[in-house]
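Going down the list, the protein sequences come from chains X and W.
Take the first sequence: its letter number 78 is residue 78 in our numbering, and every next letter is one higher.
Count along the second sequence from 1, then add 1000; that gives the number in our numbering.
These are calculated hints, taken from the structure and not from any lab test.
Incorrect hints may have been included.
[As the list claims (entries may be wrong)] Here are the simulated DSS-like cross-link-like pairs (lysine-lysine), alpha carbons at most 25 Å apart as the crow flies:
1. 1310(W) x 1018(W)
2. 1341(W) x 1310(W)
3. 1123(W) x 2(X)
4. 1254(W) x 1070(W)
5. 74(X) x 2(X)
6. 1051(W) x 1018(W)
7. 1122(W) x 4(X)
8. 1070(W) x 1123(W)
9. 1204(W) x 4(X)
10. 1156(W) x 1123(W)
11. 1018(W) x 1070(W)
12. 4(X) x 1123(W)
13. 1122(W) x 1176(W)
14. 4(X) x 1070(W)
15. 1176(W) x 1204(W)
These numbers come from a predicted model, not from an experiment.
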Amino acid sequence: MKIKSGFVIREIAGQYMAVPVGERVNDLHGMIALNETGAFIWNLLENEQTEDDLAKALIEEYDVSYEDALEAVKEFHELLIREQVLEATNT
Amino acid sequence: MNDCDMPPYPELLRRFAKAQRIPLFAQLELTARCNFNCRMCYIHMDDKHIKKLGQELTTDEWLRICREAKEAGTLYISLTGGEIFTRPDFQELYTKLSEMGFLITLMTNASMIDEKVMSWLKKRPPYMVRISLYGSNNDVYRSVCQVENGFCRVDKAIRLLQEAGIPIVLKSIVIKNNASDIREMYRYASERKLNLSVTEGIAKPVRGASSEASSVRFEPYLEESKNPDQVRLKKLVDGHGPFPHRPEYLMECKPYGSTFTVSWDGKMSWCSFLSNPYVDLNNCSVDEAWQKLMEITSKIHKPEACNNCKYEEYCLRCPGVLAAECGSYDQVSEDFCQRAKRLYFLYNGIKRED
Chain X
1 MKIKSGFVIR
11 EIAGQYMAVP
21 VGERVNDLHG
31 MIALNETGAF
41 IWNLLENEQT
51 EDDLAKALIE
61 EYDVSYEDAL
71 EAVKEFHELL
81 IREQVLEATN
91 T
Chain W
1001 MNDCDMPPYP
1011 ELLRRFAKAQ
1021 RIPLFAQLEL
1031 TARCNFNCRM
1041 CYIHMDDKHI
1051 KKLGQELTTD
1061 EWLRICREAK
1071 EAGTLYISLT
1081 GGEIFTRPDF
1091 QELYTKLSEM
1101 GFLITLMTNA
1111 SMIDEKVMSW
1121 LKKRPPYMVR
1131 ISLYGSNNDV
1141 YRSVCQVENG
1151 FCRVDKAIRL
1161 LQEAGIPIVL
1171 KSIVIKNNAS
1181 DIREMYRYAS
1191 ERKLNLSVTE
1201 GIAKPVRGAS
1211 SEASSVRFEP
1221 YLEESKNPDQ
1231 VRLKKLVDGH
1241 GPFPHRPEYL
1251 MECKPYGSTF
1261 TVSWDGKMSW
1271 CSFLSNPYVD
1281 LNNCSVDEAW
1291 QKLMEITSKI
1301 HKPEACNNCK
1311 YEEYCLRCPG
1321 VLAAECGSYD
1331 QVSEDFCQRA
1341 KRLYFLYNGI
1351 KRED
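Isolated chain W (complex conformation) (with noise of 0.2 Å):
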């Protein structure tokens, strides 16, 4: 293998710990609180929520995590929510986390990262802010996020970052309510000198939680229409399929053996759209739940109803959205797969015509 051939190092990494089940990435889900209110949010819950189902972890707790999770071989870590800025101790505890040798991504949605938070962020930098942006303005922001002003905020943040030269990702769901403002999204952060990332893929809500999910989700190729508009914005947003046979079901999943994730009340799995298999750490260490975690996971496989299915190509489950979709990662349900049989007459009616 020459040079030429090697892939860049942080996916050479990912490679490595993968092969040996070393647990590389960490998503940390702070809270499922936050300060919008986003129509198709699988995570979304009011403080009386939360208190009916468990309880937060506390600053100790998360650093304890934290300090476990470098020991046994993770480097990056992603903080996440709800958002994560609601938090109170939020300040602290990254502090002492960008002192522990991690690269730290922040996931938010940015409205509350103003002259203030940026004071203290600035002098010690993230890795990146992945920053999911909504819309192009703030009526956008106030049909999908159902809050005031939203745009302004977040677009006051992405500015502030940028002074500080912290990197950022844009990172965008698609649903009926901003469907038609994709491109000037686009418009936006091609301005902004900022990659945007699209996608429909929203899933429905999971642990507990409540969403309008399934009546704001945009899918317009479930329509017979073959309005040209149509076809385009979706060409606009991830493509689908035709994805290659896989027939080793767990391989499907790019993170699986090499990512956990920590949900607010300390349960660790390896995706947050599933509820289960989980260890709960309130009653063991990181390495000790990981261990676990893979020896529980290893024995999964993928739904019956799928082996031999002729739509499978354009099938876009994985385990996660099953269980999200479906109710659990070994199940189906005929919704879920009029999606795959709707997109598969849709891509070789469209090669027809071609």
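For reference, chain X alone in the conformation it holds in the complex (with noise of 0.2 Å):
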């Protein structure tokens, strides 16, 4: 998976951001409200990334064990195809 380009992170009074620029105004008005945790993944998430991936980065940089960093990396998955920012796969 990979994020669709068009977004720039924002880290303001300790809170973190995805807002849509340039052309990606058309597809999301307003901004995605990101956790620490989600800015982290959405920097990895410009390149293409494995939900094992991607787990694999959370276990390096916090103090999580593999089961749970899989599970939140789930859970976030989830939130961007709702949101449908995710490029589209050929599978």
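Two chains, two separate frames, one set of hints: put the complex together.
What follows is the structure, given as structure tokens:
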């Protein structure tokens, strides 16, 4: 999975958000509020990643088990699908 | 606190920013020029006058300010004037700003938005377009804005923006010249399925501008008339008082602490009505200017005359309004205080009749 182009991650007052820019504003009006972990994953998704890749990246960055990390990644993946911010895949 | 108690995310962000003194909102006054000549405008100036007072910032200067504003934590940018589309570089400036990661609101009379503008605007749409609506027909536009075909141009722009799916909010300022047209303006907004908010709060011109604000101001409550139509008309516009007791003068101002404005010649303040205090952005970065502005303004206090004032609950003062109406944020005038007194008697009079 990979995030569509056209988003800028902002960090303001301790809060994170993904803001659509340029033509991407046609797809999303407003912004997507993220927590720190969500922003971390979002930045990784500028390149193609699998759920396993992301879970492994999380356990390197944070003190969590692989199982907890994978569950968090799956939840976040569902959010990204709902918000339609992932590039279409060929599978 | 459960989910039901949480304010919407933008409001939460605003509170965090205000508490930490982060400039979340920026209002950028790109120009004082306008293609309209509204009788009550607080800022409109012609080219000759502008050149006497200073110099408009260039494209590159605005972009520098916006890059620094982003670093300082600005998320919401409002582009205002004058009329922003009169700037020949507006397309270039807007296109570059739209890539930076801001939520951009265009504040405009919309009369210059046509098919050619839409051809580039709809490709990178703004977060919102806030349109100043002055009437429901060309005659009222001629009377308020002193232009021909004003309403038709604005109506066409609204339709083009709606076809492109760009969110619009309508705002209207009521003066004597369009007061009788308010109902038709609401009808128009309803037909277009748009929100319209109306205010009669106009201010005298500031920072060297000139206008007819004093003579066109619409204040039916200042007359002794109990004409039911006038009272009903007044209730159609923003309600007045009573306001709760306001012990902290700066806290009366919702934008204070999270908002800055930049004038057409590069001066940072927190309100576009304020000529001072300001910090000149031609001489320092946005962050330096913001820190200095917060330091200077923390010492601001309300006028001494307001202490223990009987009519305070009905007073429409704020630092910006006092600066425009009375010459400074810490001064009042007899004229200004009369309005609060009249509102006090009017509201108490209506209550007794009820």
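Checklist entry - If you check each hint against the structure, which ones fail? => result 1, 6, 9, 13
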